[in-house]
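**Student:** Sequence:
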Amino acid sequence: MGIVWKAFDERLERYVALKLLPPERAADPSAFSRFLREARACSALNHPNIVTIYDIGTDNDQHFIAMELVPGRTLNSILDSVRLPLAEKFRIALAVCDALGKAHTAGIVHRDVKPANIMVTTDGAIKVLDFGLAKLLTPAASPQDSDRTRTLLTSPGTAIGTPAYMSPEQAVGDFVDARSDVFSFGTVLYQMLTGVRAFQGRTTADTIRMVIAAEPQPLLEISPDTPVKLARVVEQCMRKASSERYPDASAIAADLRRAQLAIGVHVPEVLPEGGATASLPRSQARGELAQQTRRRLMNRRIAAAVGILLMGGAAVGLLLPKVYERPSGIVRKSSNFTADARDLLAHYYRAGNIDEAVRMLEAGIAAEPRNALAHALLSEAFIRRNGTGADPRWIKQAQAHASTAVELDRDLAAAHTALGVALAEAGNRSDAVVSLMRALELEPRRASAKVALAKLTAAEGKSTEATGHFQTAADFEPENWMIWAEWGIYHYRNARYEEAVRAFERARKNAPDNSGLLRNLAAPLIMLDRYDEAAGILQRALETLPSPGIYAQLGTVRFFQGRYADAIGPMEKAVEGNATNYLYWGNLGDAYRWTPGQADKAREAFTRAAQLARERLAKTPDDSDLRGSLAVYLAKVGNPSIAGEEVVRIAALKRQTPGALFKAGLASEIVGNRGTALSFVERALKAGYAIREVGQDPDLTSLRGDARYGRMVARIEIIEQQSKKQQ
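Counting from 0, one number per residue, gives the positions in the sequence shown under numbering that gives the first Met the number 0.
The reader is advised that the hints may include incorrect statements.
Stated by the list, open to error - With a straight-line Cα cutoff of 27 Å, these simulated DSS-like cross-link-like pairs (lysine-lysine) come out:
hint, residue 1, residue 2
1, K88, K228
2, K618, K653
3, K228, K239
4, K461, K572
5, K228, K461
6, K685, K653
7, K600, K572
8, K395, K228
9, K88, K239
10, K685, K461
Source of the hints: derived by calculation from the structure; they are not laboratory data.
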């Protein structure tokens, strides 16, 4: 009720929200009484999750309330555009419960709890707005009290509130107390968990009838992944009989926290009354909350940065078939050492297998220098060695042995496959395709060549072709774990996380002791907010074969769980194990960044990450993802001009991945270039970057509050809807 303006308080030099009673209502005693009631109800409450009232007054017969200006987005707006992770749902729900609990203790019923009256501010705080419909009760008020024992400014028999979120007693105009807010809160939580309203009729009258007499569709039917304990909380909130609900919001909060602990979701951002930060001044408490929120939300970017293990190297293995030697005029002896080496490389992820294969093949080639297959296998071994620790010399040696294999036997498909893979690793894509196509001419059902082609076409943005190559390879060799592993990586990079999980699980059946594969499986689980599963998978991987990548991934899970200080240890181990990986340094920088007292270490880590990224860019200057990471690191270190130069270079590249476009936008926003940031973010979204990731990045909080961002998202949604209709 009332018109709200943004205004500047000249006395205290601050912006405020100014709520005005409409002139036509000013003469209505009932309306004015309700207007005053909002101010009194709110001003009596002092809680970080309730909007603060600064002043109330009249100027030239215009009645107003000056209150805290809350920039941000309503929960209603967020639910329409973003799928919230479970931890965020808990955070919002607990904050609202704490706010309502404070009001209920003071004898105040909100009476209009709905997503539109819950605000997520630009710094991540949760605010309950608009107590304009609140009914102020005396401490002794009860349904049996007469009107003389309670302050009831709403006429009896009048339904006040928003139909879809009303309690049954509110809908019929009966007496309401805190349990009415409990019901309304249940409808909000139901919508947060399912994405749909509990009660939504064709008309207002239909909706009210549903609230009074109909049961909503069972929550677990709509959202089967919802934890049962959480679903039970919603169910008890939404009982038709008020006597069967929680007595007030504080009781809901207690059950929510118990469910949170049982499920294992860590929600450190909520400031419980009497907690460590409750005694801080309000401004400082809000700063604490904002800092904690930003830490928690730094997730999708780190998941992308820690990324996914490339199965011992970016290139697929040769995937040699069991019958790999055939007679010809060229010297190609059937030697046991090649069979043994092939078996070692089929399980290259086991400790020592790559080195043993190299030793065995080098010794065999010394005895049989014209053995083409041995040279092809040795090329694969060096590719695998490069995957465990990038070094240009391994790629050179791989290419040299593959070339030798082709020279020795131009009719050997394995030789051409090896050369194609080595050329692809060296960045020579056009020649790589020629070699791989030659391999398929010689052996049309060669799965390894198909997978290598799938990766090359995927890198060129030809998703349809890439998918076709992967599917064909899997049809050729359905039990080959490497095919499914590479296909899983492809799904992951394209944000198809459920498909990635299925592919990695398929690979895992035939390589159960592959710690790298376990790490890969954990990556999409993290992106799906299935942190407990991811942590369990990574623990098994550490038991199998510890590696820097696994420690980096475990650090990421701990970070997502809110255990920021605990994330530092594993991430430091990752850096110790592979000090040349720029992603590990960048992740460590983020862990330091959100841990109090570690700002200097964060800067050092980001500086090191930027240095390593530059070194790699000297060899692959067209790598848009790498350049995007560099831009972000430079922005975080505080080098806006140099970060801006990298953004310009990204724009000039012929191809930019969705992730690179997003990073360019992120770096631009960090250094204060809003227009450029919006442009790149829009391009990233149109290219397929997940909007939920944009919606949860803390460095983009202010950007998401920009009206231009809202219009951009609306435009993209319209385009997507039109595209679906055309399909």
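**Student:** Please write out, lowest number first, the hints stated earlier that are contradicted by the structure.
**Tutor:** 4, 5 and 8
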